[in-house]
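Trainee: Residue numbers (the working numbering), protein chains in the order written: chain Z, 155 to 473; chain S, 158 to 482.
Please note that the accuracy of each hint is not assured.
Straight-line C-alpha distance at most 25 Å; calculated DSS-like pairs for lysine-lysine [stated by the list, open to error]:
| # | chain 1 | residue 1 | chain 2 | residue 2 |
| --- | --- | --- | --- | --- |
| 1 | S | 265 | Z | 457 |
| 2 | Z | 288 | S | 378 |
| 3 | S | 447 | S | 378 |
For the record, the hints were derived by calculation from the structure and aren't laboratory data.
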Amino acid sequence: MSLTRDKKLWMYRKMLEIRHFELEVDRLFKANMIWGTCHLSVGEEASAVGSIAALEDGDMITSTHRGHGHCLAKGGELPEMFAELLGKETGYCRGRGGSMHIADLEKGNLGANGIVGGGIPIATGAALASKMKKDGKVTLCFFGDGAANQGCFHEAVNLAAVNKLPIVYICENNLYGMSVPFRKASSVENIADRAAAYSMPGRVVDGNDVEAVYEAVKEAVDRARRGEGPSLIENKTYRWLGHSKSDANVYRTKEEIEEWKQRCPIKRYRQKLINDGAASEQELDRIEKEVEQAIQEAIEYAKNSPEPRVEDIMDGVYA
Amino acid sequence: MPEKLYIDALREGLREEMLRDENVFIIGEDVGLYGGAFGVTKGLFQEFGEDRVKDTPISEAAIAGAAVGAALCGMRPVAEIMFFDFFTIAMDQLVNQGAKNRYMFGGKAKVPMVIRGPMGCGTGAAAQHSQSFPAVFAHFPGLKVVMPSTPYDVKGLIKASIRDDNPVVFAEHKLLYRVKGEVPEEEYIVPLGKADIKRKGKDITIVAGSIMVIRALEAAKQLEQEGIDVEVVDPRTLKPLDMGTIVDSVKKTGRVIIVEDDPMSFGWGAEVAAGIASSSAFDYLDAPIKRLAGLDIPIPYNPNLEKHAVPQVEDIVKAIKDILE
């Protein structure tokens, strides 16, 4: 289960891509170029990238309202993502979806979701389809610590467990459901502890250690692909920014945020790659430059893309 | 043409589509060996096996959501919800997910699924097992809504619904399951969005759906003896709604009464009435548009109260006589 150098560098690049993408989104928001709201995952990149690194190309994911990272890690294209956030016709959803509804079905991304926990039954259905079609695919179902208290989480996880579906449930526990601390919303210390209630493996992982995430998820994905059923993995992590753009962060201290910033998943990984001799500083700097350039090009593409036409407003309600 | 029960015709439609397309499967509570709470899927488990006639935990949100997810991945699930009232437990997956996926993903997804179940009162099941509310779903863009009234229609419409690439809510009135009617031996489809004239007449149009078609036809028979010639139009699908057939009928008769099983307020009859009033049929009206519908109450248990909660044959007869007086 050792990671190739290529894969390690891919993970580093993807985490940077997500970080820079979201910081740009934040900037574009403040410049009033992005409309509505969106939820940034800055600080949580290792969870998305390490998890998805454990998948094969044809595998599937469902994502959440905090889903830019999942989409990018699953092969999402920067230009189409920026274009969607700018509400343009060239965006992933032709400007009809926005941040919370980006889907990329060709790449196996069955969609972000504006309903907390809404994707959990859908992912379970995707895994059911795989089992029926015997197509060998595995589905990763991302959700947050808040979603684990939705009824549909328990319904869907139980359904997957009794049917031994090829799915891995990934709880990204960033310690707050909007403003309410995890310890005040959940009776268990770890969401992964709930796996016992459904006779499936549950595992707590340092969600800011991309290789640790990869290894845990890979083991669960392999198990699912062998037909041995679902697992529940909990990536403990932290979002550096507010829940959404209107969050004044009154429920957490500057010290706490600062402490988590010290555990930056990208900085940590950079240091590890250098220490292990897997990459040189120059090489990693070059990757960062390439990412920055791709992002600037993607923003330009989005800015220059056409608006959707009002004449087409009815398109796509029905097939 | 052989006569069959509504429930048997429905099962035949399901079976034919499962034979025709291996992606079609049934999922729901007690649909397997038990054959469904009302017996709709009886025998299918034995014929197709437990993978294609899938019993689930009592988890309506998971049933609906699993159907959405499987449909997004190319399957054609038919989810059974044991009682129509329980659709409310599956609401998020149906209306926020299945109905909206295609549009909010920019037209790039398909959700070909059917979610079906028995509605309506008349069995003493009381408030939480008796309500008819298909019109609620017609309010959600992205869903189609079907409510067949005859064995012929239920078979043809379930086949069309399964083949449709959109999520379809399929509402069966439980008193219809034991109704008999002609069903041809050869294969046929009843297209969605096409109303049917169940009885031709010239004096007044009844627009009725589901169980109310049966009561409207009985009322028409009684009125015929008094020289009143009633036309009965069954929309068959609420969404898409075939206003054209309704408007043409009203133009011919000049009078219209809309009969629904759902509670009156904000019901589909109001939509039909508004459609008639704003159409070319308006100038042909010789009397105000009349609506008969369920009372705005939860369905009561006591059999006499229950009977009075929704329109019966005698209510339709009386209302029509009042209009024609």
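Trainee: Hints first: check each against the structure and report whether it holds.
Mentor: Comparing the hints with the structure gives:
1. Of the pairs offered as hints, the one joining residue 265 of chain S and residue 457 of chain Z holds, with about 23 Å between alpha carbons and a cut-off of 25 Å not exceeded.
2. Among the hinted pairs, residue 288 of chain Z with residue 378 of chain S is inconsistent with the structure: their alpha-carbon atoms are about 55 Å apart, more than 25 Å.
3. For the proposed pair residue 447 of chain S and residue 378 of chain S, the alpha carbon gap of about 20 Å is at most 25 Å, so the pair holds.
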